[in-house]
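Enquirer: From first to last, the protein sequence lines stand for chains D and B.
Heads up: the first sequence at position 98 corresponds to 98 in my numbering, and the numbers run straight through without jumps.
Heads up: the second sequence at position 68 corresponds to 68 in my numbering, and the numbers run straight through without jumps.
Everything labelled a hint here was simulated from the structure, so no lab data went into it.
We treat Cβ as the ideally placed atom computed from N, Cα and C, and that holds for glycine.
There could be a bad hint or two in this list.
[As the list claims (entries may be wrong)] Covered stretches of chain B (chain D as the covering partner; in silico rule of three or more C-beta atoms under 8 Å from a C-beta of chain D):
id : segment
1  : 131-145
2  : 175-181
3  : 223-231
4  : 239-245
What follows is each chain in one-letter form.
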Amino acid sequence: MLFELDRLTYQYEQLTALDNLTLSIPEGSRIALLGANGSGKSTMLRILDGLHFANSGAVRFRGDELTEDRFGDDEFAFSFRKQVGLVFQNPDIQLFNPTVFDEVAFGPLQLRWPKSEVRERVGDILDRLRIAHLRDRVPHRLSGGEKKRVALASVLVLDPAVLLLDEPTASLDPRSQSQLIDLLVEWGGGAKSVIVATHDLGDLEDIADRCYLLDRGRLVAERSPADVLRDRELLERTNLVHAHRHRHAGELHSHPHVHRD
Amino acid sequence: MSARHGFIERTVDGLYEAMEHALHAEQSAGATGLLQKLDARVKVAGILSLIVAEVLSHRLWVIVSIFAGAVALAMLSHVSLATLASRVWIGALAFTGPIAIPAIFLTPGAAIHRVPAIGWPVTMQGLTTAALLLARVETAATLTLLLVFTTPWNHVLKALRVFRVPVVFVVILGMTCRYILLMLETAHEMFESRRSRTVGALTGPERRRMTVSTAGVLLSRTSQLSGDVYLAMQSRGFRGEVYVLDDFRMSRLDWSAVAAFVALAGWAVWAGH
């Protein structure tokens, strides 16, 4: 198993973000973590990335339990960081270097890659994401879509076996959303594991072959994307859709409304 | 900017604009002038050596010569003199003038003129002292602004490594500037959002209450942001030590510039004594 969560509970002071969560994520799977705002998706990604640690229960990555003590070991930490990459929802927290090139090179340099290889790999990934023209720009001055691409490049450059994405299409225009989805679908030729936290149901069948639905920190369903999209009652109960009323030719008309963002 | 805006709002707006300008003088730094072609390390070291030389100099004509050289460099680097005048010369004069003017009357020496009505003596030594102070400040400010206008901020920071400044210090400095800008931007947007929902003038206590609540929200956001940035760094392998790329290259023009800066600074120190 890639990840195993065993009765995992995580609390932010008084607030329980994840409540007694048990689930398994197999190798090579493409998972969507679905849930409304505050359902615990982002917290779960941070736990899977070894940034937060459970208050109770356990999380295992390829059989190794992820604990603070385990990350004290340099060899384990470097190996884990090489294998698992997280793209944060807000690119501003991920873009702290003076130029786009430095930003993308940050991860490989911290993992002590040879500098010649860093230069080569950074150039490759900038070309691949079609942002080579931004290489000397200050990340702060980029548009929202460009920032997202740079944040993605800064993780993809490490070529991680597991890619964690927190709301990757949030605040992107429709064209950028579509390009990003295409990239995720093509990335790794299907050999990599991708775990996406989202409440966007539009591209669910493209990006995932399994969905976990979270509601207030609890796992409420584990289904295929097609099954999730068919179950209107479940989607309404977890605040992922609501009835949308509008007029057609003067007549009031109502149908489920899917949250795009 | 309306006079209705409070002192804090005006200050935040002004700081935001100044930081934006200082950090991202990309347009002028991207121009194809002489200084823009030079390696940032050469510029930082060369301009610093000229500033040290002019500060050590005790002869007005030597300092004025360096000032003239700085003006020539500005013209060769397509930095407009109007920009220098408005952003540097007038400001430096306004701040240094009030300090320099009393020296004209207070410095002991031979009186060459007396102020009508009050009879204060204007001494040659006083005039020289005031002129030296003004010339030094104007020259140093001009050279510094030339560096800022012709070099992207990130290159200036990287160039600090030439002076054996620890990498971690340079990285933290860069990140601090970048996130100060982000927080100023947030504060700026919060004030704009509040203005869009406010009708009429607020009373003093209301303004103070708003300012305190804004400061509280900003503090909380800063705290959360710093935690998140640290997590984002950890996520990409940061373990307390920072590793960076040094990708500067020295060209023939850079070596020529080093020679010119060294010669000019050396001459200024020698001639200024």
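Enquirer: So, for every hint listed, does it hold in this structure?
Expert: Status of the hints after comparison with the structure:
no., hint, result
1, 131-145, "violated (count 0)"
2, 175-181, "holds (count 4)"
3, 223-231, "holds (count 4)"
4, 239-245, "holds (count 5)"
In this structure, only the earlier hint numbered 1 is contradicted, and the remaining ones agree with it.
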